[in-house]
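Novice: Chain by chain, the residues run as shown.
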Amino acid sequence: MYGGSQNDGNSLFSGGGFMPSQATQTPDSGVSPAKSRGTQGVLPLTVKQISEAFHSSDDKSGFVIDGVDASNVRLLGMVTKKMERVTDVSFTLDDGTGRIDVNRWVNEAAETNEMAAITNGMYVKVNGNLKGFQGKRHVVAFSVRPVTDFNDITNHFLECIHIHLCNTRLQYSAPSSMGGSENDIYNLVLGVFQEPASVASEHGLHVDEVARRLGIPMNKIKDAINYHVDIGHIYSTIDDNHFKSACNG
Amino acid sequence: MDTSSPAVFVNADLLKVYQGRRVRAVVQVARDEGATMVGQSTDGHQLVVKGSPSFPPSHFVEVIGIADGGQSIRAEICTDFGTSFGAQEYNQLCVLANGELKSLFL
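Note that the protein sequences, when read in sequence, are chains A and B. So for the first sequence, full-length UniProt numbering puts the first residue at 1; every next one is plus one. So for the second sequence, full-length UniProt numbering puts the first residue at 1; every next one is plus one.
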């Protein structure tokens, strides 16, 4: 690189003399919005979820699903009503939970070929941008690819479920400082106490026993136990090391 | 955008719940009897598919159609899923999609 050394900081003070380096600075400062768009990734969704999505503004995009920005989405379903025009191809995607219109702009030969291979009745994976216009929601696709392994169908919907659970759980744990992992430990610990064998035993479970079963550090176990005692899920029995679930007790 | 006629993921067990509704199930073809096809559902029960085209035995076929009695589907669209399909995973999906996560599907 020519001006590598000059670019490091020097260019900030170099005034008007270094137009090229300033030019490279401008896109640099523009990186942050691009980055944040990148980190959101593509959200696997069902059409039903899109139909219930919160449209945050009159903006063409601005959808929120499970508290997460849903501008880039992945859908999987069957192609119906395919229509080819000069500049674009449109079809209705039916994923079994609903139907949504999909639009693919075709500028290059590769895009035209990709869309020519898509026929009605075919299962396809669509990655695209979710748009809302005058109350109608549709997807402008970046890619439309035929499903060749039908296990992808099962996989896609399991992914939708997984991501939905992740996003809704994160919201739950938002008030707690540590986020998801801490919440998971709380649930694991409570799970051990709620096992039928634990509920049946008269003195409940020793703290060490819980730590041994879960393989989680003792301090975290104790934190979780204190939390559950405060809330009333479990209570101490014969001493300060034995606890029992308050459910079915 | 239209979510008025979803096709519910079902196995034989769940099919009974959706009489007269649009459903989708995967069956493994046991025998073809012309206009009807007999196959095994993902939860291991026998299902009758009416009005389906012919498929080779032991292929997995996705049937989208109307639940017609406790053990049969009137087919609208059938798709051959081939011979290597994870029926168990699909069956789990049917259970999840009809349980607490129903809101994502129906």
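Keep in mind that the hints were calculated from the coordinates and are not lab data. Given the structure is predicted, the values throughout are model-derived calculations rather than measurements. A portion of the hints provided could be inaccurate.
[Claimed, not checked] For lysine-lysine, the following DSS-like pairs were computed, each having C-alpha atoms within a straight-line distance of at most 25 Å:
| # | chain 1 | residue 1 | chain 2 | residue 2 |
| --- | --- | --- | --- | --- |
| 1 | A | K48 | B | K102 |
| 2 | B | K16 | A | K136 |
| 3 | A | K125 | A | K82 |
| 4 | A | K82 | A | K131 |
| 5 | A | K244 | A | K220 |
| 6 | A | K82 | A | K48 |
| 7 | A | K125 | B | K102 |
| 8 | A | K136 | A | K220 |
| 9 | A | K125 | A | K81 |
| 10 | A | K48 | B | K16 |
| 11 | A | K220 | A | K131 |
| 12 | A | K222 | A | K244 |
Novice: Hint by hint, note whether the structure agrees.
Specialist: Now for the hints, and whether the structure bears them out:
no.	hint	verdict
1	K48(A) with K102(B)	holds, 10 Å
2	K16(B) with K136(A)	violated, 35 Å
3	K125(A) with K82(A)	holds, 15 Å
4	K82(A) with K131(A)	holds, 19 Å
5	K244(A) with K220(A)	holds, 18 Å
6	K82(A) with K48(A)	holds, 21 Å
7	K125(A) with K102(B)	holds, 22 Å
8	K136(A) with K220(A)	violated, 49 Å
9	K125(A) with K81(A)	holds, 16 Å
10	K48(A) with K16(B)	holds, 23 Å
11	K220(A) with K131(A)	violated, 44 Å
12	K222(A) with K244(A)	holds, 14 Å
Comparing the model with each numbered hint stated earlier shows that hints 2, 8 and 11 do not hold.
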